[in-house]
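Protein sequences appear in the order of chains G and W.
Sequential numbering from 0 applies to the first sequence in my numbering.
Sequential numbering from 7 applies to the second sequence in my numbering.
If you're looking for bench data, these hints aren't it; they were derived computationally from the structure.
Check each hint, because a few of them may be wrong.
[Unchecked claim] Derived CB-CB ranges, DEER-like: (1) A628/G - Y14/W: 17 to 23 Å; (2) V86/W - D595/G: 33 to 39 Å; (3) D595/G - I57/W: 47 to 53 Å.
Note that beta-carbon positions come from the ideal geometry of N, C-alpha and C, so glycine has one too.
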Amino acid sequence: MRTSSHLVYLIALPLFSSALLLLLGRMADKWGHIFATLISASAFGVGISEFMEMHSHTGANRAATQKLFEWISVGNLKVDASLLLDQLSICFVLLITGVGTLIHIYSIAYMDHDKDRRRFFAYLNFFIAAMLLLVLGDSYLNLYVGWEGVGLASYLLIGFWNHNPTYAVAAKKAFIANRIGDVGLSLAIMICFTQFGAVSFDGVKAGASHASPAALTAIGAMLLLAAAGKSAQFPLQSWLGDAMAGPTPVSALIHAATMVTAGVYLITRSNFIFDASSTARILVVTVGVITLLFGAIVGTAKDDIKKALAASTMSQIGYMILATGLGPVGYAFAIMHLLTHGFFKAGMFLGAGSVMHGMDDEINMRKFGGLARLMPITAVTFGLGYLAILGVPPFAGFYSKDKIIETAFNQGGGKGIILGGAALLGAGITAFYMTRVVVLTFAGAKRWKDGSHPHESSVLMWGPMVVLAIGSIASGFLLSAGGALVNWLQPVVNASHAEGGKELMKPLVVSVLALGIVVLGAGYAIIKYRTVPEVAPENVSIFTKIARKDLYQDIFNDVVLVKPGTTLTAGLVATDHNVIDGAVRLVGWLISEVSDVLRKLQNGYVRTYALMMFVGVFIGALILWVVTA
Amino acid sequence: MDISNYLYLSVILFTIGALGVLIRRNAIVIFMCIELMLNASNLALVTFSRIHGNLDGQVASFFTMVVAACEVVVGLAIIVTIYRSRRSASVDDASLLKN
Chain G
0 MRTSSHLVYL
10 IALPLFSSAL
20 LLLLGRMADK
30 WGHIFATLIS
40 ASAFGVGISE
50 FMEMHSHTGA
60 NRAATQKLFE
70 WISVGNLKVD
80 ASLLLDQLSI
90 CFVLLITGVG
100 TLIHIYSIAY
110 MDHDKDRRRF
120 FAYLNFFIAA
130 MLLLVLGDSY
140 LNLYVGWEGV
150 GLASYLLIGF
160 WNHNPTYAVA
170 AKKAFIANRI
180 GDVGLSLAIM
190 ICFTQFGAVS
200 FDGVKAGASH
210 ASPAALTAIG
220 AMLLLAAAGK
230 SAQFPLQSWL
240 GDAMAGPTPV
250 SALIHAATMV
260 TAGVYLITRS
270 NFIFDASSTA
280 RILVVTVGVI
290 TLLFGAIVGT
300 AKDDIKKALA
310 ASTMSQIGYM
320 ILATGLGPVG
330 YAFAIMHLLT
340 HGFFKAGMFL
350 GAGSVMHGMD
360 DEINMRKFGG
370 LARLMPITAV
380 TFGLGYLAIL
390 GVPPFAGFYS
400 KDKIIETAFN
410 QGGGKGIILG
420 GAALLGAGIT
430 AFYMTRVVVL
440 TFAGAKRWKD
450 GSHPHESSVL
460 MWGPMVVLAI
470 GSIASGFLLS
480 AGGALVNWLQ
490 PVVNASHAEG
500 GKELMKPLVV
510 SVLALGIVVL
520 GAGYAIIKYR
530 TVPEVAPENV
540 SIFTKIARKD
550 LYQDIFNDVV
560 LVKPGTTLTA
570 GLVATDHNVI
580 DGAVRLVGWL
590 ISEVSDVLRK
600 LQNGYVRTYA
610 LMMFVGVFIG
620 ALILWVVTA
Chain W
7 MDISNYLYLS
17 VILFTIGALG
27 VLIRRNAIVI
37 FMCIELMLNA
47 SNLALVTFSR
57 IHGNLDGQVA
67 SFFTMVVAAC
77 EVVVGLAIIV
87 TIYRSRRSAS
97 VDDASLLKN
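Assemble the whole structure, with the sequences as input and the hints as a guide.
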């Protein structure tokens, strides 16, 4: 393990820029966006140079640490604020700063007409800093700081247009759902400390080898809860759809490519916990499978282009979570899918933003149609992302998603068939709803009003989309060629090919099956959406109705969580008002009543006072006499 | 003569003074009653001095006389002022500070 002195710049640069832009206020309006973009690009530069540095070393020396300062030193708890850059973190560093910079560039044009563009860029920089701290922290506590930081950035950016009450509510919803997950993370940290006396990754890893299974399962379950909150997994997934209230670049960066994948990072980073507890792994795959199907089903019924993509994100992260629960070899595939997903989903979100930009912020896909001719670059880049998410060879998703499906089947027995079958089914539904999005938006006849003039966006917007589209094409092949990413991550996740287990099906069979199901799904969508009514039809099957309502999940939350919570709060308020305030008021009332009685003594007659003095002195003398006698 | 008779006299004088303060309304009379109480205590102090055979009590009684003299100056001034403004020396009339 070598030490490096440059890691801190990764976090310090964007953090400084964010603080500067916020403190300077309107003075920075003219150049704030350019400054923030340059800072983000320079963080990417630092990331690249760190990657080169890392690549030039071998073995244990690849990972680098940097101790910043002694943070907490209380009794047995000693935590340094130090950074750890290893094979896993560098993947994230490059993704965050790389995609982040592209989205900064895109936002310059996208937010051009917003008078608060500088504030937007300050928040974006703050997000980059917090997310880098999340992936660079060398202990759960350092990670926690970044974890909260990205939560805050997400809240600020979802509610960026908070003059619209609906958007402000969406921001709050995201924040509260995240808080529930955060409770899980803090509990996991506390259990780690009581069990192992350490909260650093190394310390916990050392302790995990001889810990009780119950403790490991508890930590695993709490970490999973944290991951579910941050990554919008079942049962905390409801916030992601509403989070689309934020500006589209935010949806692309935070709610597709980076922040929502923090849960996958957390589980992969804690691989030593999950490897040691099969119960925790079963919980993980259960959550993953439920979410990947849930998200896909919700995605089929959304008319809002961003919400459809959000449901898709949920579903794709479900795939990643599923992969992390499949044992050592799954981690690498989860990270691979995370990286490829970062490219194609961010690209598609930017494409959606470009469409909205050209269509006067219209988001209803039923009012699009036939945009491919007018927005060719957007259509092509979106199409490449579409092919990637479907898993069509040789695009990125083919390499990452098929691997996950294959690994799921290879679990063996009934478990393998259930997991693999669900993943395969998810791929089919994914093909259906993504085809629906593409057909509704880009193909067919135009359904927009004559007033709007769809046009291709400026180069600042389509440039990043093109780069991300190239990533959607090439990243899968590059990352999997010769097992590149699997080998690269080997020291962190201990994945060895020997552990792959017996093959239930040949990889080729899985790929053909997946492709077949994808073609089925896509074909069905093309046939079904040859004509699109402008208003969503009412006479639909019960399943569509349920899917349109997010599988009744908001209603469920409302009845099971919100209503009892409100009742409890009302009860607490009443208790506060009647019991606690009541006690205070009682004391006041008592004193006032007693004083009213005592006040009568102050009658203004000197002789009464004199009598009281005499009586007092007499009593005093009497007491003195009794006591001394 | 038994020396304790002086103490009895002192107690009687003090009680008369105290009752006077409580019962009478005329400020001048109350004032004189207070003087009576002070002198009763002076008598007691001097008697104690005699009983114990030292001068402590006599010294204390000197202090009492000085304080009494000062008190007369201030007290009479207040009483005269009140009488001038209110045409009355009754202490019950001077009850403006109540409430």
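Results of checking the hints against the structure:
One distance hint, 17 to 23 Å for the beta-carbon pair A628/G and Y14/W, holds here, with the actual separation near 21 Å. Taking 33 to 39 Å as the suggested C-beta distance range, the pair V86/W and D595/G conforms, at roughly 37 Å. For D595/G and I57/W, the hinted distance range of 47 to 53 Å is satisfied, since their beta carbons lie about 50 Å from each other.
Checked against the numbered hints above, the structure breaks none of them.
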